[in-house]
Amino acid sequence: MSDLNKIPVTVITGFLGSGKTTLIRHLMQNPQGKRLAVLVNEFGSVGVDGDILKSCADENCPAENIVELANGCICCTVADDFIPTIEALMALPQRPDHILIETSGLALPKPLLKAFDWPAIRSRITVDGVIALADAEAVAAGRFAPDVDAVQAQREADDSIDHETPLSEVFEDQISCADIVLLSKADLAGEAGIAAARAVVEAEAPRKLPILPLEEGRIDPAVILGLNAAAEDDLAARPSHHDGADDHEHDDFDTVVIELPEIADPEALKDAIIRLAREQAILRVKGYVAVAGKPMRMLVQAVGERVRAQYDKPWGDAPRASRLVVIGEHDDVDPAAIRAVLAPESVGA
1 MSDLNKIPVT VITGFLGSGK TTLIRHLMQN PQGKRLAVLV NEFGSVGVDG
51 DILKSCADEN CPAENIVELA NGCICCTVAD DFIPTIEALM ALPQRPDHIL
101 IETSGLALPK PLLKAFDWPA IRSRITVDGV IALADAEAVA AGRFAPDVDA
151 VQAQREADDS IDHETPLSEV FEDQISCADI VLLSKADLAG EAGIAAARAV
201 VEAEAPRKLP ILPLEEGRID PAVILGLNAA AEDDLAARPS HHDGADDHEH
251 DDFDTVVIEL PEIADPEALK DAIIRLAREQ AILRVKGYVA VAGKPMRMLV
301 QAVGERVRAQ YDKPWGDAPR ASRLVVIGEH DDVDPAAIRA VLAPESVGA
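Quick note: the sequence shown uses full-length UniProt numbering, first residue 1, plus one each step.
If you are wondering where the hints come from, they were derived from the structure by calculation, not from laboratory data. Fair warning: this is a prediction, and the values are worked out from it, not measured in the lab. Glycine included, C-beta positions come from ideal geometry on N, C-alpha and C. Treat the hints loosely; a few may be bogus.
To be verified - Think about it this way: if two alpha-carbon atoms lie no more than 20 Å apart in a straight line, the pair counts; the simulated DMTMM-like pairs of lysine to aspartate or glutamate are: (1) Lys313 <-> Glu262; (2) Lys6 <-> Asp117; (3) Lys114 <-> Glu87; (4) Lys208 <-> Asp187; (5) Lys6 <-> Glu87; (6) Lys6 <-> Asp233; (7) Lys34 <-> Asp97; (8) Lys294 <-> Glu279; (9) Lys114 <-> Asp233; (10) Lys294 <-> Asp265; (11) Lys313 <-> Asp265; (12) Lys114 <-> Asp271; (13) Lys208 <-> Asp234; (14) Lys294 <-> Glu262; (15) Lys294 <-> Glu259; (16) Lys270 <-> Glu259; (17) Lys294 <-> Asp317.
What the hints assert, rightly or not - Label pairs and their computed distance ranges (CB to CB): (18) Asn5 <-> Gly293: 50 to 60 Å; (19) Pro261 <-> Arg306: 22 to 32 Å; (20) Ala203 <-> Lys34: 32 to 42 Å; (21) Ala222 <-> Arg122: 39 to 49 Å; (22) Glu191 <-> Trp315: 40 to 50 Å.
Could you build all of it, start to finish, from the sequences and the hints given here?
Structure representation (structure tokens):
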């Protein structure tokens, strides 16, 4: 099979809550005549992102073309999960014209690129490009590190220690691997925030990259698809903190799934989530919640203290079960303490 027949793959990476799912929804709605397939790599056992995308399925990207991998980071489960899934997508009766991969917010993209050199798929698939999303407001404020002041204090006290936090390493590796960086939620950041975030990205990038502001995932697909980067053959230009390592660990992060009965007060739930971010340094909360008296389920998406909630579709025959995935750095995830904050009496149930 010639290179011209390889299926192009766009890897969409970015920190937790940076807007990857929103971008993919936009691409699904604007496929430019292409038949798409989507692979979603969740961190945690509740497939919120995949469920959101499946609700947007249409003839250009039918539900069977949207696959979730929730058994861990795909760069750590290449043989067991990633390769068979890619092969299954390529074997669909109507082969996709383009595959989108949404990585976990904790994923390092370079190990995933290396997987495209596996003999089973390397002649049939190519990485069209790596798109890194960076939340403009968060990057401008330095929140990809959990405590910037503490990191700076360590740097000043002892130059021999490892100053980098796990979050900053994830951010830097994603930027270093990218072909294009999208500064998401530009409307929240404002012009000054966008300029500050752009400066941070430029300082971390190993080469000059296009850096584009983004609102609500809206961008001309022609800008980010069809890059023909063949990124799997360009690994040397994409440095990583983990170069030379056989693999990488995600022990720095942990998740807990909290199950709740119906709640009566969504605002109280939002306040509880903000409290988790403020008091327990929780990074991300996402899931579905049943609200008393409401026939539709409430989709909750939180990044730090920024909480968004919306009613997305009726429960129908599905059980009205509230489940929230809570993600944080390993030492900050105390399941009992998290449950105490999100306990029914704490959220108005």
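Outcome of the hint check:
no.	hint	in the structure
1	Lys313 <-> Glu262	holds, 16 Å
2	Lys6 <-> Asp117	holds, 13 Å
3	Lys114 <-> Glu87	holds, 16 Å
4	Lys208 <-> Asp187	violated, 24 Å
5	Lys6 <-> Glu87	holds, 13 Å
6	Lys6 <-> Asp233	holds, 14 Å
7	Lys34 <-> Asp97	holds, 6 Å
8	Lys294 <-> Glu279	violated, 30 Å
9	Lys114 <-> Asp233	holds, 9 Å
10	Lys294 <-> Asp265	holds, 11 Å
11	Lys313 <-> Asp265	holds, 19 Å
12	Lys114 <-> Asp271	violated, 42 Å
13	Lys208 <-> Asp234	holds, 15 Å
14	Lys294 <-> Glu262	holds, 10 Å
15	Lys294 <-> Glu259	holds, 18 Å
16	Lys270 <-> Glu259	holds, 16 Å
17	Lys294 <-> Asp317	holds, 14 Å
18	Asn5 <-> Gly293: 50 to 60 Å	holds, 55 Å
19	Pro261 <-> Arg306: 22 to 32 Å	holds, 26 Å
20	Ala203 <-> Lys34: 32 to 42 Å	holds, 35 Å
21	Ala222 <-> Arg122: 39 to 49 Å	violated, 27 Å
22	Glu191 <-> Trp315: 40 to 50 Å	holds, 42 Å
In this structure, the hints that do not hold are numbers 4, 8, 12 and 21, in rising order.
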